[in-house]
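These protein sequences, in sequence, are chains A and B. Going by this note's numbering, the letters in the first sequence line up with residues 3 to 114, in that order. Going by this note's numbering, the letters in the second sequence line up with residues 36 to 148, in that order.
Mixed in with the good hints there might be a few duds.
Only pairs whose alpha carbons sit at most 30 Å apart, straight line, appear in this in silico DSS-like list of lysine-lysine [to be verified]:
1. B:LYS90 - A:LYS28
2. B:LYS38 - A:LYS58
3. A:LYS101 - B:LYS88
4. A:LYS101 - B:LYS106
5. B:LYS90 - B:LYS53
6. B:LYS105 - A:LYS101
7. B:LYS90 - A:LYS101
8. B:LYS38 - A:LYS111
9. A:LYS72 - B:LYS92
10. A:LYS101 - B:LYS92
11. B:LYS53 - A:LYS101
12. B:LYS38 - A:LYS101
13. A:LYS28 - B:LYS92
Sample of chain B residues with no beta-carbon within 10 Å of chain A, all distances over it, derived [claimed, not checked]:
14. SER43
15. LYS48
16. ARG49
17. ASP61
18. ASP63
19. LYS90
20. THR148
These are calculated hints, taken from the structure and not from any lab test. All residues carry an ideal CB built from backbone N, CA and C; glycine is no exception.
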Amino acid sequence: SQQGEEDPQALSIQEGENATMNCSYKTSINNLQWYRQNSGRGLVHLILIRSNEREKHSGRLRVTLDTSKKSSSLLITASRAADTASYFCATDFTGGGNKLTFGTGTQLKVEL
Amino acid sequence: DVKVTQSSRYLVKRTGEKVFLECVQDMDHENMFWYRQDPGLGLRLIYFSYDVKMKEKGDIPEGYSVSREKKERFSLILESASTNQTSMYLCASSPNSVSYEQYFGPGTRLTVT
Chain A
3 SQQGEEDPQA LSIQEGENAT MNCSYKTSIN NLQWYRQNSG RGLVHLILIR SNEREKHSGR
63 LRVTLDTSKK SSSLLITASR AADTASYFCA TDFTGGGNKL TFGTGTQLKV EL
Chain B
36 DVKVTQSSRY LVKRTGEKVF LECVQDMDHE NMFWYRQDPG LGLRLIYFSY DVKMKEKGDI
96 PEGYSVSREK KERFSLILES ASTNQTSMYL CASSPNSVSY EQYFGPGTRL TVT
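So here's chain A without its partners, still in its complex pose:
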């Protein structure tokens, strides 16, 4: 399977702390995306990083990509209770057409 894997599967932190999630994948990619899913809802796109980029920022989000290690990380700084959600990485792997392969997700809980 081309599916990526997130690590850790679950993460619990206090409000104000930083949260880091990792994603590993198996094949060459065109881009990698991160999505958030609030409980029982659809996914919302957070950020896209292309294979020729190493780091990208969007508000409190920072994504890095290491294509030599086939891995990415998502950092959420100064977390809030509203960040409690599941986070998924998705890869657009080379030759895969216009479709994404999703990982199994990291469940983040931010406690007050």
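Please arrange chain B on chain A, whose structure you already have, making use of the hints.
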């Protein structure tokens, strides 16, 4: 504002019934996708479509079929529902460009009894 809607949030069907899940997008996107989501397995692609009347199998097409008669509508059909098809079903759409994001509907939680 971008919008993907799904016909039902919750659905309960009996084993053997034919089930239709509908998805509509208002963004004039070429690509549409159906996923199922199960605990510990993430999202798995069932079918996708690049254009009207066009479909391609995803990773787990068995037991499902799809229909795309109009650009904005993509239907998932369970010909004879089984209990192992109890799941959350998510529809998504995206434009046909090099770097794109997928826009998701709210999901349909289907229970087959």
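Do the hints match the structure? See the list:
1. Proposed proximity of LYS90 (chain B) and LYS28 (chain A) is supported: the alpha carbons are some 26 Å apart, at most 30 Å.
2. Between LYS38 (chain B) and LYS58 (chain A) the alpha-carbon distance is near 26 Å, which keeps this suggested pair within the 30 Å criterion.
3. Between the alpha carbons of LYS101 (chain A) and LYS88 (chain B) the distance comes to roughly 18 Å, so the proposed pair stays at or under 30 Å and holds.
4. Distance restraint check for LYS101 (chain A) and LYS106 (chain B): the Cα-Cα separation of roughly 17 Å lies within the 30 Å cut-off, and the hinted pair is therefore satisfied.
5. Taking the CA atoms of LYS90 (chain B) and LYS53 (chain B), the gap is about 20 Å. The hint holds against a cut of 30 Å.
6. Our distance criterion of 30 Å between C-alpha atoms is met by LYS105 (chain B) and LYS101 (chain A), whose separation comes to about 20 Å.
7. Taking the CA atoms of LYS90 (chain B) and LYS101 (chain A), the gap is about 13 Å. The hint holds against a cut of 30 Å.
8. Proposed proximity of LYS38 (chain B) and LYS111 (chain A) is supported: the alpha carbons are some 28 Å apart, at most 30 Å.
9. For the hint linking LYS72 (chain A) to LYS92 (chain B), the alpha-carbon distance of about 26 Å falls within 30 Å, and the restraint holds.
10. Note on LYS101 (chain A) and LYS92 (chain B): the hinted pairing holds, with a Cα-Cα distance of about 11 Å set against a maximum of 30 Å.
11. With a CA separation close to 27 Å, the supplied pair LYS53 (chain B) and LYS101 (chain A) stays within the 30 Å bound.
12. Under the criterion of a C-alpha separation no larger than 30 Å, the hint pairing LYS38 (chain B) with LYS101 (chain A) is consistent with the structure, at around 19 Å.
13. The suggested pairing of LYS28 (chain A) with LYS92 (chain B) holds, with an alpha-carbon distance near 21 Å, which does not exceed 30 Å.
14. The claim that SER43 (chain B) lies off the interface holds: its Cβ sits roughly 14 Å from the closest Cβ of chain A, which is beyond the 10 Å cut-off.
15. In this structure LYS48 (chain B) is separated from chain A by more than 10 Å, as the shortest Cβ-Cβ distance comes to about 19 Å.
16. Residue placement check: ARG49 (chain B) keeps its beta carbon more than 10 Å from all beta carbons of chain A (closest about 23 Å).
17. The Cβ of ASP61 (chain B) lies farther than 10 Å from every Cβ of chain A, with a closest approach of about 15 Å, so its non-interface assignment holds.
18. With a cut of 10 Å on Cβ distances, ASP63 (chain B) stays outside the contact zone with chain A, its closest approach being about 15 Å.
19. Once the 10 Å rule is applied to beta carbons, LYS90 (chain B) is consistent with being away from chain A; the minimum gap is 12 Å.
20. With a closest Cβ-Cβ approach of about 20 Å to chain A, THR148 (chain B) is found to remain outside the 10 Å limit, as its non-interface label requires.
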